[in-house]
Amino acid sequence: MIAGLAERLRRELGPGRVITDRQELRTYECDGLAHHKVVPALAVLAQSTAQVAATVRACAEAGVPFVARGSGTGLSGGALPHADGVLIVTAQMRDILDISPADERAVVQPGVINLQLTRATTPAGYYYAPDPSSQQICSIGGNVAENSGGAHCLKYGFTVNHVTGLEVVTPDGSVTRLGGRALDPPGYDLIGAFVGSEGTLGVATEVTVKLTRLPETVRTLLAAFHGVDQAGAATSAIIAAGVVPAAIEMMDALAIEAAEAAVACGYPPGAGAVLIVELDGPAAEVAAQFDEVVALCEGSGAFEIQIAADDSQRALFWKGRKSAFAAVGRISPDYIVQDGVIPRTALPEVLRRIDELATSNGVRVANVFHAGDGNLHPLVLFDDAVPGEAERAETTSGAIIDLCIEYGGSITGEHGVGADKAKYMPRMFGDDDLDTMQLLRCAFDPAGLANPGKIYPTPRLCGERPGRHTAGDTANRDGAEVF
Amino acid sequence: MTALDELTRPAGDDDVVGGVPARLVAAPRDTAEASALLAATQDLTVVIRGAGTKLDWGPPPRALDLIIDTRHLAGVVEHAAGDLITIVRAGTPLGSLDLGEQLLALDGPAGATVGGTVATATSGPRRLHYGGVRDLLIGITVVRADGKVAKAGGKVVKNVAGYDLGKLYTGSYGTLGLITECAFRLHPRPQHALFVRAVAPPAEAARIRAAAIAPTAVEIDSATGELAVLIEGTPDGVRERADLLAKLLNADISDKSPEWWGADPWAPGGIGVKLSVPLSAVPTLAAGPDAVRGSAGTGVLYAAAAGITEVERLRAACVRLGGHAVVLTAPPDVRDILDMWGPTPGLPLMRRIKDQFDPGHRFAPGRFVGGI
Numbered sequence: 001m002i003a004g005l006a007e008r009l010r011r012e013l014g015p016g017r018v019i020t021d022r023q024e025l026r027t028y029e030c031d032g033l034a035h036h037k038v039v040p041a042l043a044v045l046a047q048s049t050a051q052v053a054a055t056v057r058a059c060a061e062a063g064v065p066f067v068a069r070g071s072g073t074g075l076s077g078g079a080l081p082h083a084d085g086v087l088i089v090t091a092q093m094r095d096i097l098d099i100s101p102a103d104e105r106a107v108v109q110p111g112v113i114n115l116q117l118t119r120a121t122t123p124a125g126y127y128y129a130p131d132p133s134s135q136q137i138c139s140i141g142g143n144v145a146e147n148s149g150g151a152h153c154l155k156y157g158f159t160v161n162h163v164t165g166l167e168v169v170t171p172d173g174s175v176t177r178l179g180g181r182a183l184d185p186p187g188y189d190l191i192g193a194f195v196g197s198e199g200t201l202g203v204a205t206e207v208t209v210k211l212t213r214l215p216e217t218v219r220t221l222l223a224a225f226h227g228v229d230q231a232g233a234a235t236s237a238i239i240a241a242g243v244v245p246a247a248i249e250m251m252d253a254l255a256i257e258a259a260e261a262a263v264a265c266g267y268p269p270g271a272g273a274v275l276i277v278e279l280d281g282p283a284a285e286v287a288a289q290f291d292e293v294v295a296l297c298e299g300s301g302a303f304e305i306q307i308a309a310d311d312s313q314r315a316l317f318w319k320g321r322k323s324a325f326a327a328v329g330r331i332s333p334d335y336i337v338q339d340g341v342i343p344r345t346a347l348p349e350v351l352r353r354i355d356e357l358a359t360s361n362g363v364r365v366a367n368v369f370h371a372g373d374g375n376l377h378p379l380v381l382f383d384d385a386v387p388g389e390a391e392r393a394e395t396t397s398g399a400i401i402d403l404c405i406e407y408g409g410s411i412t413g414e415h416g417v418g419a420d421k422a423k424y425m426p427r428m429f430g431d432d433d434l435d436t437m438q439l440l441r442c443a444f445d446p447a448g449l450a451n452p453g454k455i456y457p458t459p460r461l462c463g464e465r466p467g468r469h470t471a472g473d474t475a476n477r478d479g480a481e482v483f
Numbered sequence: 001m002t003a004l005d006e007l008t009r010p011a012g013d014d015d016v017v018g019g020v021p022a023r024l025v026a027a028p029r030d031t032a033e034a035s036a037l038l039a040a041t042q043d044l045t046v047v048i049r050g051a052g053t054k055l056d057w058g059p060p061p062r063a064l065d066l067i068i069d070t071r072h073l074a075g076v077v078e079h080a081a082g083d084l085i086t087i088v089r090a091g092t093p094l095g096s097l098d099l100g101e102q103l104l105a106l107d108g109p110a111g112a113t114v115g116g117t118v119a120t121a122t123s124g125p126r127r128l129h130y131g132g133v134r135d136l137l138i139g140i141t142v143v144r145a146d147g148k149v150a151k152a153g154g155k156v157v158k159n160v161a162g163y164d165l166g167k168l169y170t171g172s173y174g175t176l177g178l179i180t181e182c183a184f185r186l187h188p189r190p191q192h193a194l195f196v197r198a199v200a201p202p203a204e205a206a207r208i209r210a211a212a213i214a215p216t217a218v219e220i221d222s223a224t225g226e227l228a229v230l231i232e233g234t235p236d237g238v239r240e241r242a243d244l245l246a247k248l249l250n251a252d253i254s255d256k257s258p259e260w261w262g263a264d265p266w267a268p269g270g271i272g273v274k275l276s277v278p279l280s281a282v283p284t285l286a287a288g289p290d291a292v293r294g295s296a297g298t299g300v301l302y303a304a305a306a307g308i309t310e311v312e313r314l315r316a317a318c319v320r321l322g323g324h325a326v327v328l329t330a331p332p333d334v335r336d337i338l339d340m341w342g343p344t345p346g347l348p349l350m351r352r353i354k355d356q357f358d359p360g361h362r363f364a365p366g367r368f369v370g371g372i
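Keeping their order, the protein sequence lines are chains A and B. The UniProt record's numbering numbers the first residue of the first sequence as 1 and each following residue consecutively. The UniProt record's numbering numbers the first residue of the second sequence as 1 and each following residue consecutively.
Here chain A stands alone, though its shape is the one from the complex:
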């Protein structure tokens, strides 16, 4: 079946678009979650919406599953290929189609790199606000699939808050345009439903996003504390004071050690925890609030506060934070990156329990997190060469997710459920919740061909349901549809 599909796609897409060579296909066997590996049966390097649509249509007709992939930087295995399916790579669709400061919108193809969009709009005084740590390499299409966040989503929101228009190829291979530059298109919020659906409702082939005005002022401080409790207290004090920083990031001693080893970011020696607090906005507002934040950090026990004097020092503060995941490789041969969310006020208690878990399981956990919104990224360190350590690390990582659920949080704040966390979904949601979510899946993809096996541990069967169809339904159908 795959051979026939490959032949059809070669014919329809032209030369150089279809990969069937096993060695070449191995390039795509995993995304950023490298311990899940599946070689796809076939890969398509799409260059246009028409090519994505032709591929999906061919898959639909052949009953073959398909998985979309942008840059492949996802950390939950969302772009993990299907062994008997087609991988649709959108990385070559990387044109910025329009930048309109007057509309505060940009229109991009899905393969456009997140940071490139910001770079392209900065000269006009704008930027693209969602800034995942992988923003130098991750694609907007992938951001749409995962509803990516970033350090600054505390103030500015996630991808879904910044997408106003989509062109999508639905799992039957048809192309539908949703929204555009204007807000609030009539009908159900299909954009809101699609963003964050992890490739299970179709493939985004064009994205219209909001551009955000560059703030007049950005001020950043690095506060060093003796321990995470103090840093947590400072975070609470800042929120309680009614300040909405652009970002509040925390790292614990082990994460600091790793970052220092990797990028020599110059964090204060001896710190048990550091906070990076960034304020942005009109100079008149930032000035007053920044002094308040400094005082609150001092009041919570900060023993040293560095204030970024310029952009390069600010970049250095952030370098330690943004490189933290990779930096952990300097102090441990192997590690698991976890992503969970707790109500922010539970932070000190949850960190204590993570510490207990680590101790009882005999592994080390480095903590890096978006403290402002309670999004934890515990890094569970282990050595795969030591028998049993990988299992203990996996157990610890899973137990941390249980902690997040116990405290009323979420199993993922920004990395997505993907292949990795589908098994945890029933711990956070009941059967009826998962069943109801999948009604949406059935509306878009009754055959279950779009990225199957992701998000939901048990697929719902989408049988034709007998509906009560009245004459009014049909009468109104004509004339109201616009494609």
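It is worth saying that the hints were derived from the structure and are not from the lab. Among the hints, erroneous ones may be present.
Pair ranges (Cβ atoms, derived) [claimed, not checked]: (1) R189/B with P123/A: 34 to 42 Å; (2) D5/B with G63/A: 30 to 38 Å; (3) D98/A with I308/B: 54 to 62 Å; (4) G288/B with P123/A: 31 to 39 Å; (5) A240/A with G269/B: 44 to 52 Å; (6) I2/A with L4/B: 53 to 61 Å; (7) D13/B with G63/A: 51 to 59 Å; (8) A287/B with E349/A: 14 to 22 Å; (9) P21/B with A83/A: 32 to 40 Å; (10) A193/B with I307/A: 26 to 34 Å; (11) H36/A with V16/B: 51 to 59 Å; (12) Q191/B with A326/A: 37 to 45 Å; (13) D384/A with Q191/B: 48 to 56 Å.
Some chain B residues well away from chain A (every beta-carbon gap over 12 Å; in silico) [as the list claims (entries may be wrong)]: (14) L4; (15) D5; (16) D56; (17) V76; (18) A81; (19) P93; (20) G153; (21) R185; (22) G237; (23) L249; (24) D290; (25) A291; (26) L321; (27) W341; (28) R352.
Coverage of chain A stretches by chain B, computed from C-beta distances (three or more under 8 Å per stretch; other residues unrestricted) [said to hold, decoys possible]: (29) 111 to 118; (30) 145 to 152.
Beta carbons: idealized from backbone N, C-alpha and C, even for Gly.
Chain A is already provided as a structure; the job is to place chain B on it using the hints.
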């Protein structure tokens, strides 16, 4: 059936939606009772009613057996101030929320309920800064057509686990199920606020954006030719930013909003239209023959239309500019011959969603786009 008798009462003279009288009314006291009610009445068509402030919005239902009144589904379930979130029952009037030093930044008609605000996705001046319903809603509990209770999202702001069904229910006009609880992200109540008011062309909004003063709202009213900007923040910061803007626009500073601020431009019983256009098109729309009022910061505006000709003219203008015009409310004679929703891209997908969530089409049949 006794169960039905216990859960419902016969409808009264006021239990009418868009001229269609209901047979029965029910006011469940909690999600469990709402679940039992919907499970026991699966062959009945339903319209959900909150405070009724927008009950005349949208076309009338094709059929109406039962009104579900949310008045007893009221109250705050949780307000976690330190986490900047609240969970509220759907029938709670927005105006009754006491969140202390915090703010649920939803604009809507006075007296509107939380559920009605979510179901109609009302959009007001402060959306520019705080976001709209879809941006503030972080979790939802609904009762489906078959009575099953489902939750999506949660009570933490950052959460990407599973489909965000809250987005789907936001602006769904009660056609997908009964919303019983909503979780929202909150904002700190601003310490200070000032309005900068000028008689100025709407195109000045572009200069306000360029000034990077981060306004909370930028509103225009083409009938008076006024432009007003809301600035919030610290007392010193607000004063400084307002001064800057007042100088830029040759405007006045006031601690009071203009009378037209956030008010529907149509009279009760008139034709009310919601318009949305790209930002660059707001001046063009405002310069047209029909008076418009609303946000030059988000491109969502409102108009009172005198008749069908004016509606069609407004809609044609919005579509030409890359936007939409939806008739929110209109008198029966107009409503009967007018396509209130207008062109709806993605309608086939929407029909499939409706068929999945409400296979019997019992929820508000005919009230939504394309006769959904």
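Going through the hints against the structure:
{"no.": "1", "hint": "R189/B with P123/A: 34 to 42 Å", "result": "37 Å, holds"}
{"no.": "2", "hint": "D5/B with G63/A: 30 to 38 Å", "result": "50 Å, violated"}
{"no.": "3", "hint": "D98/A with I308/B: 54 to 62 Å", "result": "35 Å, violated"}
{"no.": "4", "hint": "G288/B with P123/A: 31 to 39 Å", "result": "33 Å, holds"}
{"no.": "5", "hint": "A240/A with G269/B: 44 to 52 Å", "result": "47 Å, holds"}
{"no.": "6", "hint": "I2/A with L4/B: 53 to 61 Å", "result": "56 Å, holds"}
{"no.": "7", "hint": "D13/B with G63/A: 51 to 59 Å", "result": "57 Å, holds"}
{"no.": "8", "hint": "A287/B with E349/A: 14 to 22 Å", "result": "58 Å, violated"}
{"no.": "9", "hint": "P21/B with A83/A: 32 to 40 Å", "result": "59 Å, violated"}
{"no.": "10", "hint": "A193/B with I307/A: 26 to 34 Å", "result": "29 Å, holds"}
{"no.": "11", "hint": "H36/A with V16/B: 51 to 59 Å", "result": "57 Å, holds"}
{"no.": "12", "hint": "Q191/B with A326/A: 37 to 45 Å", "result": "41 Å, holds"}
{"no.": "13", "hint": "D384/A with Q191/B: 48 to 56 Å", "result": "54 Å, holds"}
{"no.": "14", "hint": "L4", "result": "20 Å, holds"}
{"no.": "15", "hint": "D5", "result": "25 Å, holds"}
{"no.": "16", "hint": "D56", "result": "18 Å, holds"}
{"no.": "17", "hint": "V76", "result": "16 Å, holds"}
{"no.": "18", "hint": "A81", "result": "8 Å, violated"}
{"no.": "19", "hint": "P93", "result": "24 Å, holds"}
{"no.": "20", "hint": "G153", "result": "9 Å, violated"}
{"no.": "21", "hint": "R185", "result": "9 Å, violated"}
{"no.": "22", "hint": "G237", "result": "4 Å, violated"}
{"no.": "23", "hint": "L249", "result": "16 Å, holds"}
{"no.": "24", "hint": "D290", "result": "17 Å, holds"}
{"no.": "25", "hint": "A291", "result": "20 Å, holds"}
{"no.": "26", "hint": "L321", "result": "8 Å, violated"}
{"no.": "27", "hint": "W341", "result": "5 Å, violated"}
{"no.": "28", "hint": "R352", "result": "4 Å, violated"}
{"no.": "29", "hint": "111 to 118", "result": "violated (count 0)"}
{"no.": "30", "hint": "145 to 152", "result": "holds (count 3)"}
Checked against the numbered hints given earlier, the structure breaks hints 2, 3, 8, 9, 18, 20, 21, 22, 26, 27, 28 and 29 and satisfies all the rest.
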